[in-house]
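Take these sequences, add in the hints, and give me the full structure.
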Amino acid sequence: MKYETPAPDRQIAMVLDLNKCLGCHTCTVACKKMWNTDAGTDYAYWNNVETMPGKGFPANVHDPATAGRDLDGTTKRGQIPDLDTGYGRAWTFNHKDVLASTGAPVKEWLRPREEVKWGPNFDEDHGAGEYPRENHYFYLPRLCNHCTHPACRDACPRGAIHKRQQDGIVLVDQDTCHGYRFCVEACPYKKVYYDHVRQVSSKCIFCLPRIEEGVAPACARQCPGRLRFVGYRDDPEGPIHKLVDRWKVAIPLHPEYGLGPNVFYVPPMSPPRLDADGRPTEEPRIPLAFLESLFGKAVGPALEVLLAERAKTRNGGSSELMDLLIAYDWNQNFKLDAHQREVLS
Amino acid sequence: MNKTITLSAAPTGMQPGGYVPVAFADRTEAATPSATIEAVAAGNGWRITLSWACASPVRHTANETDRFPDACAVLAPVAPDSPWITMGEPGKAVEGFLWKADREQPLHIRAEGLGSAQRAAPPEGTRVTADWRDGHWQVVFEIPAWSALAAQRQLAVAVWAGAAQERAGLKSVSPGWLPLG
Numbered sequence: 001m002k003y004e005t006p007a008p009d010r011q012i013a014m015v016l017d018l019n020k021c022l023g024c025h026t027c028t029v030a031c032k033k034m035w036n037t038d039a040g041t042d043y044a045y046w047n048n049v050e051t052m053p054g055k056g057f058p059a060n061v062h063d064p065a066t067a068g069r070d071l072d073g074t075t076k077r078g079q080i081p082d083l084d085t086g087y088g089r090a091w092t093f094n095h096k097d098v099l100a101s102t103g104a105p106v107k108e109w110l111r112p113r114e115e116v117k118w119g120p121n122f123d124e125d126h127g128a129g130e131y132p133r134e135n136h137y138f139y140l141p142r143l144c145n146h147c148t149h150p151a152c153r154d155a156c157p158r159g160a161i162h163k164r165q166q167d168g169i170v171l172v173d174q175d176t177c178h179g180y181r182f183c184v185e186a187c188p189y190k191k192v193y194y195d196h197v198r199q200v201s202s203k204c205i206f207c208l209p210r211i212e213e214g215v216a217p218a219c220a221r222q223c224p225g226r227l228r229f230v231g232y233r234d235d236p237e238g239p240i241h242k243l244v245d246r247w248k249v250a251i252p253l254h255p256e257y258g259l260g261p262n263v264f265y266v267p268p269m270s271p272p273r274l275d276a277d278g279r280p281t282e283e284p285r286i287p288l289a290f291l292e293s294l295f296g297k298a299v300g301p302a303l304e305v306l307l308a309e310r311a312k313t314r315n316g317g318s319s320e321l322m323d324l325l326i327a328y329d330w331n332q333n334f335k336l337d338a339h340q341r342e343v344l345s
Numbered sequence: 346m347n348k349t350i351t352l353s354a355a356p357t358g359m360q361p362g363g364y365v366p367v368a369f370a371d372r373t374e375a376a377t378p379s380a381t382i383e384a385v386a387a388g389n390g391w392r393i394t395l396s397w398a399c400a401s402p403v404r405h406t407a408n409e410t411d412r413f414p415d416a417c418a419v420l421a422p423v424a425p426d427s428p429w430i431t432m433g434e435p436g437k438a439v440e441g442f443l444w445k446a447d448r449e450q451p452l453h454i455r456a457e458g459l460g461s462a463q464r465a466a467p468p469e470g471t472r473v474t475a476d477w478r479d480g481h482w483q484v485v486f487e488i489p490a491w492s493a494l495a496a497q498r499q500l501a502v503a504v505w506a507g508a509a510q511e512r513a514g515l516k517s518v519s520p521g522w523l524p525l526g
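Here the protein sequences come in this chain order: A and B. In terms of the working numbering, the first sequence opens at residue 1 and continues consecutively. In terms of the working numbering, the second sequence opens at residue 346 and continues consecutively.
Everything labelled a hint here was simulated from the structure, so no lab data went into it. Built from N, CA and C at the ideal position, the CB exists for glycine as well. Keep in mind that the hints are not guaranteed to be accurate.
[What the hints assert, rightly or not] Non-contacting residues of chain B with respect to chain A, defined by C-beta distances greater than 10 angstroms in every case (computed):
no.: 1; residue: Ile-350
no.: 2; residue: Arg-392
no.: 3; residue: His-481
[To be verified] Pair by pair, the computed Cβ-Cβ distance ranges are:
no.: 4; chain 1: B; residue 1: Ile-430; chain 2: A; residue 2: His-95; range: 52 to 58 angstroms
no.: 5; chain 1: B; residue 1: Ala-400; chain 2: A; residue 2: Val-98; range: 40 to 46 angstroms
no.: 6; chain 1: A; residue 1: Leu-288; chain 2: B; residue 2: Arg-464; range: 50 to 56 angstroms
no.: 7; chain 1: A; residue 1: Ala-128; chain 2: B; residue 2: Glu-409; range: 29 to 35 angstroms
no.: 8; chain 1: A; residue 1: Asp-97; chain 2: B; residue 2: Ala-387; range: 54 to 60 angstroms
no.: 9; chain 1: B; residue 1: Arg-478; chain 2: A; residue 2: Arg-111; range: 38 to 44 angstroms
no.: 10; chain 1: A; residue 1: Ala-90; chain 2: B; residue 2: Pro-520; range: 44 to 50 angstroms
no.: 11; chain 1: B; residue 1: Thr-349; chain 2: A; residue 2: Asp-97; range: 52 to 58 angstroms
no.: 12; chain 1: B; residue 1: Ala-400; chain 2: A; residue 2: Val-305; range: 58 to 64 angstroms
no.: 13; chain 1: A; residue 1: Glu-212; chain 2: B; residue 2: Arg-478; range: 54 to 60 angstroms
no.: 14; chain 1: A; residue 1: Asn-94; chain 2: B; residue 2: Ser-379; range: 47 to 53 angstroms
no.: 15; chain 1: A; residue 1: Pro-6; chain 2: B; residue 2: Pro-356; range: 26 to 32 angstroms
no.: 16; chain 1: A; residue 1: Arg-111; chain 2: B; residue 2: Arg-464; range: 41 to 47 angstroms
no.: 17; chain 1: A; residue 1: Pro-209; chain 2: B; residue 2: Ala-490; range: 43 to 49 angstroms
See the structure below:
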């Protein structure tokens with residue numbers, strides 16, 4: 001029996017401008033320190049930052065074989081990442097051995113005790129393309145998409161996952177969860193994590209205690225690049241509506257799964273490839289086909305709008321879109337409700 | 346009661362939610378094809394022994410994300426007509442005891458329909474001992490009192506094979522309620 005997911009009264013959402021992400025992982029650390037310090041979630045990152053092109057976190061997350069949906073959105077069996085080759089175990093280090101060897105003729109190097117197979121951000125800055133003519137990479141921060149049709153909710157035989165009526169935040173009721181992990185298996189974004197000590201699932205709660213106090217999530221407020229925007233989909237004066245619906249420059253990750261993600265990305269514009277003489281060409285370094293593999297066919301038109309608006313400002317004109325994306329006024333990145341707390345910028 | 350029974354795969358098509366019935370539609374064969382069950386009265390309570398072949402036992406799941414323990418459960422109807430295949434229904438509960446290889450203590454379970462099972466500490470004095478040797482599990486439940494079994498004198502069993510990532514409704518089950526005789 002397939003569950004029906006009632007539409008929430010409002011849907012909170014986030015936009016991330018990938019042109020501004022500097023890969024500092026402050027978002028990840030802010031989230032991790034706030035929500036994931038339990039022993040059973042030592043490996044888990046509700047928010048993480050990946051280098052693209054790359055295998056992502058957990059490894060192969062962008063490979064359709066791991067997803068609980070086919071590319072046409074139909075349900076299929078997904079995969080649960082393992083701790084060694086999927087997520088990467090939280091390693092322990094030989095600190096004592098290193099300290100004890102300081103006076104010894106042969107010194108110990110600091111190293112993990114365990115065999116290292118994978119980890120978050122494991123392929124940082126590897127990217128793709130031949131240096132120096134076409135090498136490229138960009139950062140992709142990821143969090144739960146708080147989907148309109150959550151695959152995790154659909155997968156739970158216990159009905160332990162629900163979508164909040166007031167704002168569409170998707171939550172796991174850990175008192176009801178029995179740790180079966182069908183949610184982990186089904187989510188194509190692999191953004192539900194298993195707490196292997198408490199034996200329940202856990203996931204991003206969109207910092208709901210902050211949202212209820214008019215404060216944007218920690219990942220957004222701590223971002224030094226000011227690349228995150230938070231607000232409600234239906235607020236025409238808010239940043240989400242402007243970027244997603246008015247300008248159509250913010251698009252979801254892997255729309256092909258049909259889950260209706262409510263986290264959107266402004267795709268990265270590329271510097272040009274170089275020709276054999278080292279001169280810039282008209283070709284972008286990041287192949288459009290690669291971006292389409294992440295964001296679907298909407299990425300091309302979104303890039304065209306971005307490039308056109310950027311050209312306007314380069315030619316001395318003004319662009320409301322560029323002003324919003326640059327975030328001259330950080331407060332405009334967030335529009336939650338009447339008692340929203342301002343950012344001190 | 347002391348008999349060897351053929352187990353069948355619990356039907357995935359009736360599992361709650363949209364994922365399991367589709368993703369596991371191909372699970373039509375029982376991962377554990379048979380089990381031997383012995384149930385004897387012991388004072389006011391019961392001693393129930395369940396044994397089955399298991400080539401690859403999974404006892405430990407700590408510090409792993411993709412491992413599921415071997416497990417088994419014994420179940421009795423609370424009402425005379427509590428349905429077995431749906432784990433009861435509203436107003437017609439089933440209850441029983443669950444052993445998981447990664448836990449020392451058994452759990453008491455009670456359900457009124459698929460997906461509704463509630464786990465709790467078992468009544469005081471309930472014990473379970475489990476032993477795997479020569480490719481077989483033997484699990485012994487010692488239950489000081491079980492009124493549902495005493496009243497209805499019917500039992501059902503379920504076995505989960507951790508190596509096949511069985512959990513929840515992915516399990517091998519007895520062919521309906523088994524009379525104690």
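At the C-beta level, are Arg-478 (chain B) and Arg-111 (chain A) separated by a distance inside 38 to 44 angstroms?
Since the Cβ atoms of Arg-478 (chain B) and Arg-111 (chain A) sit about 40 angstroms apart, the hinted range of 38 to 44 angstroms holds.
Minimum Cβ-Cβ distance from Arg-392 (chain B) to chain A exceeds 10 angstroms:
holds, 27 angstroms
Return holds or violated for the Cβ distance of Arg-111 (chain A) and Arg-464 (chain B) against the range 41 to 47 angstroms.
With Cβ atoms ~42 angstroms apart, the hint holds.
Is the hinted range of 54 to 60 angstroms satisfied by the C-beta distance from Asp-97 (chain A) to Ala-387 (chain B)?
Once the Cβ atoms are compared, 55 angstroms apart, the range 54 to 60 angstroms for Ala-387 (chain B) and Asp-97 (chain A) holds.
For the range 52 to 58 angstroms, tell me whether the beta carbons of Ile-430 (chain B) and His-95 (chain A) fit it or not.
holds, 56 angstroms
Whether the CB-CB distance between Ala-400 (chain B) and Val-98 (chain A) falls inside 40 to 46 angstroms:
holds, 44 angstroms
Honestly, do Pro-6 (chain A) and Pro-356 (chain B) meet the 26 to 32 angstroms range at C-beta?
holds, 28 angstroms
Note whether the CB distance of Pro-209 (chain A) and Ala-490 (chain B) lies within 43 to 49 angstroms or breaks it.
45 angstroms Cβ-Cβ, so the 43 to 49 angstroms window holds.
Does the hinted range 29 to 35 angstroms hold for Ala-128 (chain A) and Glu-409 (chain B) at CB?
Given a distance of about 32 angstroms, which is inside 29 to 35 angstroms, the answer is holds.
Distance restraint evaluation - Thr-349 (chain B), Asp-97 (chain A), Cβ atoms, bounds 52 to 58 angstroms
This hint holds: roughly 55 angstroms between Cβ atoms.
Taking the Cβ atom of Ala-400 (chain B) and the Cβ atom of Val-305 (chain A), is their distance within the range 58 to 64 angstroms?
holds, 59 angstroms
C-beta pair Ala-90 (chain A), Pro-520 (chain B): status relative to the range 44 to 50 angstroms that was hinted:
holds, 45 angstroms
The structure agrees with every numbered hint stated previously.
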